[in-house]
Amino acid sequence: MTEKKVEVVQVKIKTIDESEFKFEQILLNPDFHNVDIKIGGSHRSLVYVQDHENYCVGLIQSTKMDSTPPKRNILTNETLALGLKREEGLLYGNVFLFDKEKQVLLYEVTRDGLFIGQLGDLFYSLIRDYPLVKIDIKFIPLMNANAMEKLLSMGDRKAVHIQFAHPDEMLKKIKSEQSAIKEIIKPGKDIGAELIDVIYKVTTTKGKYLHNGKINNMLEYINNKFDLLRDNVKKFEVKGYEEDVEKITEVDFIRDKMIEKIKYSDSKNMSDLKPTARKQEIILAYERLRRDIYRYL
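One point on numbering: in numbering that gives the first Met the number 0, the residue at position 5 of the sequence shown is 4, and numbering is uninterrupted.
Just to be clear, a hint being listed does not mean it is correct.
[What the hints assert, rightly or not] Derived DSS-like pairs: lysine-lysine, alpha-carbon spacing no greater than 27 Å straight-line:
no., residue 1, residue 2
1, Lys213, Lys246
2, Lys238, Lys256
3, Lys133, Lys171
4, Lys234, Lys149
5, Lys3, Lys278
6, Lys63, Lys273
7, Lys63, Lys200
8, Lys224, Lys172
9, Lys278, Lys70
10, Lys246, Lys260
11, Lys234, Lys224
12, Lys4, Lys256
13, Lys171, Lys13
14, Lys149, Lys188
15, Lys185, Lys37
16, Lys267, Lys11
17, Lys133, Lys188
18, Lys185, Lys238
19, Lys101, Lys4
20, Lys200, Lys11
21, Lys267, Lys233
22, Lys181, Lys137
23, Lys207, Lys149
24, Lys224, Lys188
25, Lys233, Lys213
26, Lys172, Lys246
27, Lys11, Lys205
28, Lys234, Lys174
29, Lys101, Lys224
30, Lys101, Lys11
31, Lys37, Lys224
32, Lys3, Lys101
33, Lys149, Lys185
34, Lys4, Lys185
35, Lys234, Lys213
36, Lys273, Lys13
37, Lys137, Lys149
38, Lys246, Lys200
39, Lys84, Lys260
What the hints contain is simulated information worked out from the structure, not anything from laboratory work.
Working from the sequences, and respecting the hints, build out all of it.
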């Protein structure tokens, strides 16, 4: 039995002409199904897509064309090539479910499939030569129910704890943009730091708080750039008093993401990606999360 993590993100799409465009217009378009797109040494494609009343479900398959190790017989110690032809590769998959009303995507995380941070590359490539309006797609992580409760009950903020890894790499990613984040990471890059660990804090017990507007602007920027910066942003923790309660509560916008698990059986010599079992499992995961998704969005 294989257990896999499922990440939950809200899909936000902007069009150049400000017209309405829904993500399912890509997912459900048969012209985009079974089309190979090369990303990161593998051929990726959208397959097994099914439309339901409130959601659509399918898989993204990845055919890995890299060199493969040999197989070995543990009884004879004989090693042999797997025997793949030039046009063949090893096949991996990620199952997904998309809620059409809330524009929320549940996505299976696998080591050898397509990472969620690469989803934009796949969909931009699919629609590049298609007569659709030009769009900008963002995948915004959702917070889990406990974190959302804390956030909604939090009044003024007393402290922010931020950790960024590899500031030199971060600056290259956002070099052409103006952001308060740059003011934090540039000094770290200039002195050769590999990790920036910053705490902004108000120590006065009563009457003084951090400026929520600045914090919200940084959070919005990180959310909008999360696909690009997910390997660099290690912590964004906010602490504040619960409303009407003399108690400090905290939320980490990186740690406290909405996560689920799915399980399905696999075998040593698989002949397919188990599409039926995987889709059934992610539908069950969606049913477990649906109440929280609809409560907070």
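A quick look at each hint next to the structure:
no.	hint	result
1	Lys213 to Lys246	23 Å, holds
2	Lys238 to Lys256	17 Å, holds
3	Lys133 to Lys171	25 Å, holds
4	Lys234 to Lys149	17 Å, holds
5	Lys3 to Lys278	13 Å, holds
6	Lys63 to Lys273	18 Å, holds
7	Lys63 to Lys200	48 Å, violated
8	Lys224 to Lys172	10 Å, holds
9	Lys278 to Lys70	31 Å, violated
10	Lys246 to Lys260	32 Å, violated
11	Lys234 to Lys224	15 Å, holds
12	Lys4 to Lys256	12 Å, holds
13	Lys171 to Lys13	24 Å, holds
14	Lys149 to Lys188	34 Å, violated
15	Lys185 to Lys37	34 Å, violated
16	Lys267 to Lys11	39 Å, violated
17	Lys133 to Lys188	35 Å, violated
18	Lys185 to Lys238	25 Å, holds
19	Lys101 to Lys4	21 Å, holds
20	Lys200 to Lys11	32 Å, violated
21	Lys267 to Lys233	36 Å, violated
22	Lys181 to Lys137	21 Å, holds
23	Lys207 to Lys149	20 Å, holds
24	Lys224 to Lys188	19 Å, holds
25	Lys233 to Lys213	19 Å, holds
26	Lys172 to Lys246	38 Å, violated
27	Lys11 to Lys205	39 Å, violated
28	Lys234 to Lys174	21 Å, holds
29	Lys101 to Lys224	20 Å, holds
30	Lys101 to Lys11	10 Å, holds
31	Lys37 to Lys224	23 Å, holds
32	Lys3 to Lys101	24 Å, holds
33	Lys149 to Lys185	32 Å, violated
34	Lys4 to Lys185	34 Å, violated
35	Lys234 to Lys213	17 Å, holds
36	Lys273 to Lys13	34 Å, violated
37	Lys137 to Lys149	25 Å, holds
38	Lys246 to Lys200	16 Å, holds
39	Lys84 to Lys260	35 Å, violated
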